[in-house]
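Use the sequences and the hints to build the structure in full.
Protein chains in written order, with this note's numbering: chain S, 1 to 318; chain E, 319 to 636.
Misleading hints may appear alongside valid ones.
In silico EDC-like cross-links for lysine to aspartate or glutamate, where the CA-CA straight-line distance does not exceed 20 Å [as the list claims (entries may be wrong)]:
#, chain 1, residue 1, chain 2, residue 2
1, S, Lys112, S, Glu122
2, S, Lys300, S, Asp176
3, S, Lys37, S, Asp255
4, S, Lys112, E, Asp531
5, S, Lys3, S, Glu72
6, E, Lys430, S, Glu273
7, S, Lys112, E, Asp633
8, S, Lys37, S, Glu273
9, E, Lys430, S, Glu243
10, E, Lys435, S, Glu273
11, S, Lys112, S, Asp235
12, S, Lys292, S, Asp255
13, S, Lys117, E, Glu591
14, E, Lys580, E, Asp531
15, S, Lys37, S, Glu210
16, S, Lys300, S, Glu173
17, E, Lys430, E, Asp633
18, S, Lys292, S, Glu203
Since the hints were made in silico from the structure, they are not lab data.
One letter stands for each residue in the lines below.
2 protein chains.
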Amino acid sequence: MHKVHTVPQRSDIEHAHAVIKPYIHRTPVLSSQSINKITGIELFFKCENFQKIGAFKIRGGTCAALALSDEEKQNGIATHSSGNHAQAVALSAQRLGLKAYIVMPSNAPPVKIAATKGYGAEVTFCDPTLEARESTLAQVVARTGATEIHPYNNYNIITGAATAAKELIEDTEGLDIILAPIGGGGLMSGTALSTRYFLPGAEVIGAEPENVDDAFRSFKAGAMLYNTTTDTIADGLRTNLGEKTFDIILRYVDDIITVSEKEIAEAMRLLWERMKIVVEPSSAVPFAAVLKSKDRFTGKRIGIILSGGNVNLNDLPF
Amino acid sequence: MHKVHTVPQRSDIEHAHAVIKPYIHRTPVLSSQSINKITGIELFFKCENFQKIGAFKIRGGTCAALALSDEEKQNGIATHSSGNHAQAVALSAQRLGLKAYIVMPSNAPPVKIAATKGYGAEVTFCDPTLEARESTLAQVVARTGATEIHPYNNYNIITGAATAAKELIEDTEGLDIILAPIGGGGLMSGTALSTRYFLPGAEVIGAEPENVDDAFRSFKAGAMLYNTTTDTIADGLRTNLGEKTFDIILRYVDDIITVSEKEIAEAMRLLWERMKIVVEPSSAVPFAAVLKSKDRFTGKRIGIILSGGNVNLNDLPF
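Listed below in structure tokens is the structure:
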């Protein structure tokens, strides 16, 4: 894999898809007759909850790790994360025989710490603030010479994330609209690019929790605005956009729909009850947007990226 | 489909499978690398939680309904059930254009009542005792002339249930052992028959909650013994065997393993967390048996029937 230095092109995504293939699952696209009946919409769910590490993040992690030079590879890769990105970087490194250094906040869930260590990563703990995470990561990078892999503001991460929508398009006929959740914007911008390249007639819509609607407000204003809170059950979507992801979203996303915490919980519950699959709250956000704006989608064939399935079963929002 | 009047033969199961095919899903067989790593066992899960109505029961219900004479079909079908069998009979009837009469205890979960009515069945409520259920059903049958479809002590039900293991065997290479949960014994006896016919070298093991271990004790004693309680979270396994299912289990099942309530809950949790699928407690019982007796299964290729995924998300056992 090469380093992608600008907005990923069609050929970048095609190449990335070919080279990461041995390291990822081609996850299934599932439908539910009962959900289609309830909604009057034909829905196709790309199940990245069944992906390795339980989330789409392994796609970008692998794409970024493979793009390192031999010299960079010798020093390994590093990131700060309390969630899925930590495991993606750790597993990508393990599969490629690299060292991984992960900075995690001291209050990260024990199960995620154990999983990250289980992939052979060296974990450094810090205070649970963004400042502490960044300064600790800087120290780790200075000490080890490892290359930082940003969770979303990185064109190789975006290129890898784009392969999920590429597969959804390849495996589903005649989609009219594709939706994805927006957190830092890696999945959303990758989804928008793949839709433009591989299904140019289709609409691309993002979905975001009302409580952390930086992307919605930035999109309307045409300038980056920031969240003032991280207060949402959709723990994967608490971050702000980066300038790389915002630029792509502004150009290639058609619309953004926001949803309430209650709407997210109800959509999540419906997915669990009817489809019998475990998805994390972030995954339910685009489906919540569809349920909220049913009339807009009636009779259409809608593709939704279910981003992951890593959820604390003792802290469900319903 | 013909009526099966004695222990189902290989040809009965093959024929049933062909005729019910348009009415059922061919559910996937899933594996989890992380569960295989934890256990040191290669496990293959037949996901009947993704089946229509969320459980394997639609297989037997369809097989039994299709076997009715034209005269019987005119009067419809009837059963008493608070759970998956009610929905299986209701949906089978709807698909075949028959009337369905379901007796449900007054304390049945509203979601199951709604689902049964949603399939067009006429629901009659009764007190929540076996006596009231049977006497109310007798009244309904006397009034309507409908044919009673027993949930498990019926050779067509057993024949239909057997098609799940047949698919598992067809879709998985080289299984050494197949496990299923035991409640009334319909799924277990069908699984044992399909294994004998389609994979004669493999072992067949049943799994049962310790708290309702009538099958385990009956199997050891060689005579039918009964539960004195229904106190288990595995709500699909609270019933006693019938004489038809007991006879098949005694002859064709190699062993029965019992598990505690705690072991069931832990196995269920592991399936949810690692496989990202929603299964009901009954489904987790065979996996709990494997976890409990790991040494016995090490290095083997094990097939497990996950019987269903209908669970109350507000009353999880973990």
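Against the structure, test the hints numbered earlier, and report the numbers of the ones violated in rising order.
-> Failing hints, ascending: 3, 4, 7, 9, 15.
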